[in-house]
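Engineer: This is what each chain is made of:
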Amino acid sequence: MHSKKTLLFLCILITAFFSIASTSYGASTTPATVNAAYGQSTTVALHYTFPVVVGAGATITSPYGQFCLPGTVAACDSIGRVNIPLTTTTSLASEVLTIPQAVVERALQRGFNSFTYERNFLNGGLYSLKINITPGSVAAFSLRRIELYFDHMQRKNEVMVQRNHRGLKAYADIYYNGSGILNGYWEVDGLIIERVNRFVLTGGKVTLSTPTVPDLPTFDPGYHIVKFIVVTPETSFEVPEMVYWVKGTDEPAKRALVLTTPQDGTNIPTDFSFTWEKMDKAAVYLISFAKGEDKTICFSALTRDTSYRIPSSIPAEYFTVGEKYFWSVKGYDTENNMIAESGMQTFHFQAAAKP
Amino acid sequence: MKTCWLFLCVVLFFLPLAPVYAQEETAPVTDTGNAWILSSSPAPNEEVIGKKPEIRVFFTSPPAPGSMTVLLDGTDITPMITLVENGFTYKPVFIVAPGTHELSVLATDTAGNALQGALSFKTRHTKTLEEASVSADMTGIYTTTLRKDAHDGTTPYNAVTVEGTVQGKIREGANEFSFEGSPVYVEQDKPLGTGSVEKGLDLRSFVLRGEHKGDQLQAKAEFGDVSVNETPFTVQSLLRRGLKINLGYGNGALSFFTVRAPAIYGVRNTWGLRYEEDSQITGGSAGLSLPGIRTDLKATFLTGEDDSTVTYGISGIETGRRTGDVASLRVTSQIIPAMLIADFEAAYSQYDFDDADAFDEVSDTAWRVDLSGAVNEYTYDLKYEYFGRDYESIALQGGTKDREGVYFTGNAMFTNHSLSILASAFRDNVDDLSIMPRTTSIPLSLDYNYTRFAQVPMGFSVQHEVIKTKDEPTGFDPVDTMTDSITGKIGYVREKWSTGLQATYTYMNDKTGTDLDTSTGNYTFTLTLTPVENWTISLVPNLVQQKNEDTDVRTDTYTTTLDLRSQPVKDLIFWDVMASHVVADATDDSIDTETTTVNTRLAYSLKQFFPPYLNPTIALKGDYQKTKDKIADTETDNLTIFLAFELNAKFGL
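In order, the protein sequences belong to chains A and B.
With numbering that gives the first Met the number 0 as the guide, the letters of the first sequence map in order to residues 0 to 354.
With numbering that gives the first Met the number 0 as the guide, the letters of the second sequence map in order to residues 0 to 652.
By construction, these hints were calculated from the structure, which means they are not laboratory data.
Don't take every hint at face value.
Unchecked claim - Pairs of lysine-lysine, DSBU-like flavour, derived with a Cα cap of 35 Å:
| hint | chain 1 | residue 1 | chain 2 | residue 2 |
| --- | --- | --- | --- | --- |
| 1 | A | Lys294 | B | Lys90 |
| 2 | B | Lys606 | B | Lys90 |
| 3 | A | Lys294 | B | Lys219 |
| 4 | B | Lys121 | A | Lys294 |
| 5 | B | Lys488 | A | Lys329 |
| 6 | A | Lys204 | A | Lys290 |
| 7 | B | Lys168 | A | Lys168 |
| 8 | B | Lys121 | A | Lys290 |
| 9 | B | Lys606 | A | Lys329 |
| 10 | B | Lys126 | B | Lys649 |
| 11 | A | Lys329 | A | Lys277 |
| 12 | B | Lys469 | B | Lys219 |
| 13 | B | Lys121 | B | Lys189 |
| 14 | B | Lys121 | B | Lys147 |
| 15 | B | Lys51 | B | Lys121 |
| 16 | A | Lys168 | B | Lys625 |
| 17 | B | Lys469 | A | Lys155 |
| 18 | B | Lys625 | A | Lys290 |
| 19 | A | Lys155 | B | Lys488 |
| 20 | B | Lys629 | B | Lys606 |
| 21 | A | Lys277 | A | Lys168 |
Please build the complete structure, drawing on both the sequences and the hints.
Structural biologist: Printed below as a string of structure tokens:
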């Protein structure tokens with residue numbers, strides 16, 4: 000019991016000493032004040048400036064930091080502790096501080112809407128950061144959570160694609176407090192494919208995606224690791240990563256199939272011949288006719304030729320004169336892989352000429 | 000579980016698959032009333048075993064040349080048939096789905112009289128099962144390092160990786176069972192550089208699915224990596240390892256799920272079968288559809304615990320064991336079908352952000368009313384949302400809380416224009432606590448695209464946001480910022496090349512006394528060339544400028560990426576390059592760095608020497624990275640060269 004009192008006395012003495020020492024050194028913390036979100040943890044980058052270095056090359060060190068309630072001068076009324084030592088031999092030191100949700104809650108339950116974060120530096124003095132408790136929208140801009148996924152609909156975090164697959168994208172849901180400039184970059188196997196620098200609104204969440212050009216590289220079979228590296232705001236947690244696997248087979252190159260006749264949007268007789276350009280390696284073509292706003296397929300045909308004429312017995316059952324129809328063609332190779340696809344064009348059947 | 004898996008594979012492997020083709024002999028057509036069709040294979044209403052059954056039809060009298068049209072399930076297959084004496088044969092191009100099929104034949108005889116015949120038949124894949132299929136697609140890669148400059152302790156000298164997919168499906172009547180899995184094997188002489196892959200054999204992801212699709216009863220059970228979706232306030236798009244069951248009977252629906260809270264990679268650590276007390280999310284829902292009033296009701300409840308901080312693909316700031324429950328009631332009604340849809344949800348949550356600390360769980364509510372619809376070219380969505388100060392779903396961690404507001408989104412899609420508008424206004428501190436300020440945020444945005452010229456797509460977008468606090472307690476610095484952002488984009492698309500330019504400028508005006516204004520600019524130019532077939536080059540230079548208007552310090556970051564995909568000899572030699580060059584420079588000389596990274600691959604296909612189901616390639620790969628920091632006066636230069644042998648194998652039954 001006696002030793003505990005002695006220890007407490009010593010702590011108070013040391014704290015008071017450093018408080019006085021810090022005043023004499025004119026110590027500063029950047030920023031001097033931060034807003035911490037109620038109901039969630041907040042991360043903030045702190046920079047300490049030591050105006051006077053005690054002796055050339057002297058080590059300035061702080062074994063821990065603590066969150067203190069206001070009202071006491073000599074001793075910290077601690078509501079939390081950060082057991083991470085900070086050491087420097089220069090006039091600067093930095094740390095990425097997480098203000099835990101529980102600490103904010105403790106301060107609120109004790110009736111305070113602000114508290115401080117303090118660090119005693121041996122050879123450096125006492126440094127204090129004022130923390131105001133605020134709603135998340137005006138809290139310091141800080142990231143709370145990052146979720147990576149590939150498929151925007153199913154949110155898959157692993158995917159397998161064929162070699163030279165085009166259009167593979169990764170997405171990142173980033174949850175944050177406050178608002179500000181989000182600076183970071185997408186990296187694949189250590190290679191930067193896009194830099195992101197944008198202002199994010201006070202929504203609490205933003206979804207980023209890798210660019211369309213260049214898309215995620217798929218030329219090399221095997222594993223590829225995707226990360227979204229955050230530069231600012233600084234995070235206290237390691238950014239996540241996810242893996243995609245490129246198979247050792249080439250994705251059949253899907254080329255654009257060019258429709259030749261009829262011209263888009265024209266009126267044609269029912270015995271008109273639909274034609275398109277020949278596609279190398281195409282063994283069979285599927286010509287599809289669709290109608291309505293939802294472009295429902297109403298009739299289709301398979302052919303090995305590059306033209307197709309709707310049989311005379313068909314139109315009355317499947318088509319209506321004057322109605323707008325869409326047509327398109329797909330080409331398949333001998334292994335039934337789709338290797339070519341056209342866009343959709345429109346046409347109308349005109350009434351047969353009266354004799 | 001391993002035994003079950005093995006048993007399943009063995010069963011599927013030895014399934015008695017019948018010959019692919021239909022019966023050799025043709026049966027007389029007697030019961031269709033199609034007097035013109037003499038005989039056919041398949042015979043009318045016959046059940047055929049096979050995936051691509053050959054069809055043979057013979058007529059009582061030959062049709063006039065060129066007059067015949069043959070439709071199979073509404074598709075004209077006339078150009079694909081082979082004419083034989085008094086009939087035709089057809090070998091399907093694609094797999095014919097199991098089930099009932101309709102074949103109809105139209106023609107005229109030489110006298111010009113109409114001839115018509117039709118027959119219906121069924122197909123199934125095997126004698127015992129209506130549908131049965133199993134397939135595998137595996138790729139193995141052996142890599143040896145020829146040169147490496149960086150001794151990072153992770154780049155291996157020799158490595159073997161094998162990965163692929165195995166999937167199968169069996170169906171009989173209304174019952175279906177399917178599985179998907181991604182086996183993986185990794186071995187190398189250095190530690191693996193990522194936490195997501197472990198050495199040895201593993202099953203990266205899997206799902207086993209059983210389904211019953213009856214007229215009244217629909218049931219679906221999934222085990223493995225399942226996606227859980229209930230309502231926006233409870234759980235949405237949660238892809239996790241566990242069990243999910245859905246039941247539907249008439250207008251009613253029930254669901255149950257129990258999944259691990261963290262994302263799990265592989266099965267070596269866990270199959271996810273065991274209930275994990277500290278990291279499991281369990282819940283269910285009951286739904287009722289009332290078609291008479293076009294309304295759906297849904298009640299959802301879930302409970303869970305999560306003690307993870309970093310899991311596969313996800314990182315977060317929160318530590319400790321979080322626990323929580325959520326209950327929600329949702330009503331969706333098509334008041335005017337498609338034009339006016341009302342969606343209401345009210346939810347109640349209990350949540351403890353750290354059950355080891357001194358604080359008990361907190362509870363709160365959230366609710367929303369959403370009106371949306373589409374009228375001609377226009378769509379709209381008007382929503383009011385309220386999230387209590389302590390509202391949180393254990394399955395939607397990090398979500399919105401302590402906010403209420405109104406949101407409007409509108410879209411208009413015309414022939415040559417498209418426009419979308421977002422306008423919202425919301426505030427926080429919903430409990431009006433005097434010890435905290437109240438913030439009002441008003442974000443507005445407009446996006447316009449002009450598509451009159453397909454070759455020259457263009458558009459712009461504008462964003463404006465005001466954030467302002469009021470009722471600030473003593474000692475709190477007020478916030479009053481106005482942020483404006485404008486983006487312009489234009490492209491030019493030709494057959495063999497395309498180009499685009501996008502520029503964004505953002506200015507954040509801090510209207511308080513601190514006056515910490517910031518501006519950023521982001522300029523991207525895109526050039527894609529396809530000079531010849533199988534050659535594509537993309538070059539994307541980008542400049543990002545960020546300026547602190549208070550200190551006048553500006554940081555410029557130039558990033559240029561190059562993407563080359565080519566086949567110098569078509570289908571034989573492949574050469575691909577992905578490279579980036581980044582220069583970062585600050586006007587106060589705090590940053591001055593340069594980074595160049597190049598990944599390239601030169602490959603030769605050996606496919607011509609192997610059977611069609613094997614696809615081997617030999618490749619020379621190089622990774623080069625150079626970094627230069629002029630402030631720190633450091634420079635690194637690393638080149639790594641690999642020789643790789645890649646083999647892909649595919650099979651299917």
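Engineer: If any of the earlier hints don't hold here, list their numbers in rising order.
Structural biologist: Numbers 6, 12, 13, 14, 17, 18, 20, in rising order.
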